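Note that the protein sequences, when read in sequence, are chains A and B. Under our numbering, read the first sequence as residues -19 to 249, first letter to last. Under our numbering, read the second sequence as residues 2 to 145, first letter to last.
Hints may contain errors.
Taking lysine-lysine pairs in the DSS-like style, the calculated list, with each CA pair at most 30 angstroms apart, reads [claimed, not checked]:
| no. | chain 1 | residue 1 | chain 2 | residue 2 |
| --- | --- | --- | --- | --- |
| 1 | A | K246 | A | K54 |
| 2 | A | K14 | A | K188 |
| 3 | A | K83 | B | K145 |
| 4 | B | K33 | A | K14 |
| 5 | B | K99 | A | K214 |
| 6 | A | K188 | B | K59 |
| 7 | B | K145 | A | K77 |
| 8 | A | K35 | B | K145 |
| 9 | A | K14 | B | K99 |
| 10 | A | K203 | A | K91 |
| 11 | B | K88 | A | K14 |
| 12 | A | K188 | A | K231 |
| 13 | A | K38 | A | K238 |
| 14 | A | K188 | B | K145 |
| 15 | A | K238 | A | K54 |
| 16 | A | K222 | B | K145 |
| 17 | A | K238 | A | K91 |
| 18 | A | K188 | A | K94 |
Calculated directly from the structure, the hints in this document are not laboratory data. Computed from a predicted structure; not experimentally measured.
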Amino acid sequence: MKPVRRFVVIAFLLGCCAVIGAEPPRLPADQMAKAIRNDAISIPTPGELFAALEKPGKPNWVGQMRGPIGTNYKNRPQIALNLGSLIADGFIAVEAKDSQQVKNIGTDIIKLAKALGVSENVLSRGNSINEFAENDEWDALQEELEATQNEVKSSMQSHRDQDLIILVSVGGWIRGTQAVSAAVMQNYDERAAKVLRQPALVSFIQSKLNDISPDVRDEPLIKEVSGQLPGIEKLVAFPVGKAPSADDVRKVNEAVGKIMSQIQAKDTK
Amino acid sequence: MKTSMSIFAAIGLAITTTFAAPESDTEVAARKAALDLAGAFSNEGFKMRDGHWSGTIKPKENALIAVNLYSGNQYWFSVGATEPAKKIAVSVYDETGKLVQTEGYSEGDKAAAGFSPTSSGQYYVLVDLVEGNESSVCFVYSYK
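With these hints in hand, go ahead and build the complete structure from the sequences.
Right, here's the structure in full:
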């Protein structure tokens, strides 16, 4: 069937469905299972998560900021996880409009990026972050943080550090979820709580972690993080349309908080 | 529609792909078309994700892309293609495979679909080559 004719047929079928009240055809399960999934498109950024959280009302972003974390980790997978979490911290500081905090986090991001041996391009991002923070250019800072994260990942790819790329995303997702669940706990709102529903995302992260090389996967910290994801997947699998209760949110916060403590702990190896 | 976009997002997108794999001229052109379209939504306060998917699409085939979205946000999914694609279409399905009602935009080898999910979770964006022959396509999305 020619594409135009196929399009007309589909439109006709949709019209028929509307007339007789039947549902239009659904995507088959096997097609959904084979859908394209990649780190750059299928994992939302912390900024995207925080934008959704803000819709019902401005959360207490200042209350979600954490103290400085170590920047002298020796274990590369742990550095990658912490780098991702620091980028999420940068987004939190931008939401809180705290320019000094943004600059401090920017400096720490660069320290961790240097420890991973990423390209000079990434290092120059530190100057841009400082400049935007000085001038309170919050939108530009969000874009710069996302670009920094992607540039770190690109640099890792070119250095054949593919396994570390997903760890940057994982660190960002865990820290972002920790901040969001804490904000919802402080001022419970059903609409805000709904942003925590992401079972497919956790499942995708888990599948990516299963794909990394055995030497990285067998690192104690990575085993620990990976081992806790199935439990978190269940915790964020709320029914469609139903907001998690305050107690559900607390459970999510405790689970991701536990992983975050392990990620930022010293001497995991 | 006005077509302007964030310099940073554009730089980021360019960098992201620089290290991934060399892009053909048609892939670059498809990406430019997608960015031009998404740039129009930036004028309405949408932030463009600094990431994209590129590939080829053949007649009678489609590309299905999984995205994870948040309730409360508004989204626009923009796709650009190149000749010999004549017409492309974008539609969105929820995690059960049910078609979602979207706003649409279509102009030859560019198309977009926009909606505001009421439930957070996984969604699927279907890119369909309605008219024309095998072509490079590029997918980006924006949110606010």
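Okay, the hints, checked on the actual structure:
Our distance criterion of 30 angstroms between C-alpha atoms is met by K246/A and K54/A, whose separation comes to about 9 angstroms. For the given pair, K14/A sits about 15 angstroms from K188/A by alpha-carbon distance, which is consistent with the 30 angstroms threshold. For the proposed pair K83/A and K145/B, the alpha carbon gap of about 25 angstroms is at most 30 angstroms, so the pair holds. A distance of roughly 27 angstroms separates the Cα atoms of K33/B and K14/A; the hinted pair therefore holds under the 30 angstroms criterion.
Restraint check for K99/B and K214/A: satisfied, since their Cα atoms lie roughly 23 angstroms apart, inside the 30 angstroms limit. For the proposed pair K188/A and K59/B, the alpha carbon gap of about 28 angstroms is at most 30 angstroms, so the pair holds. Only pairs whose Cα atoms come within 30 angstroms are accepted, and K145/B paired with K77/A is accepted, the gap being roughly 18 angstroms. Note on K35/A and K145/B: the hinted pairing holds, with a Cα-Cα distance of about 10 angstroms set against a maximum of 30 angstroms.
About 16 angstroms separates the Cα atoms of K14/A and K99/B, which keeps this hinted pair within 30 angstroms; it holds. Distance hint between K203/A and K91/A is fulfilled; the C-alpha atoms sit about 25 angstroms from each other, no more than 30 angstroms. Restraint check for K88/B and K14/A: the C-alpha separation of about 24 angstroms stays at or below 30 angstroms, so the hint holds. In summary, the hint linking K188/A to K231/A is supported, as the alpha carbons are separated by about 24 angstroms, within the 30 angstroms threshold.
Simply put, K38/A and K238/A have alpha-carbon atoms about 26 angstroms apart, close enough for the 30 angstroms limit, and the pair holds. The hinted pair formed by K188/A and K145/B meets the criterion: a straight-line CA distance of about 28 angstroms does not exceed 30 angstroms. With a CA separation close to 21 angstroms, the supplied pair K238/A and K54/A stays within the 30 angstroms bound. Taken as a hint, the K222/A and K145/B pair is honoured in the structure, with Cα atoms around 23 angstroms apart against an allowance of 30 angstroms.
Between K238/A and K91/A, the direct Cα distance comes to roughly 25 angstroms. Compliance with the 30 angstroms bound is thereby established for this hinted pair. Only pairs whose Cα atoms come within 30 angstroms are accepted, and K188/A paired with K94/A is accepted, the gap being roughly 25 angstroms.
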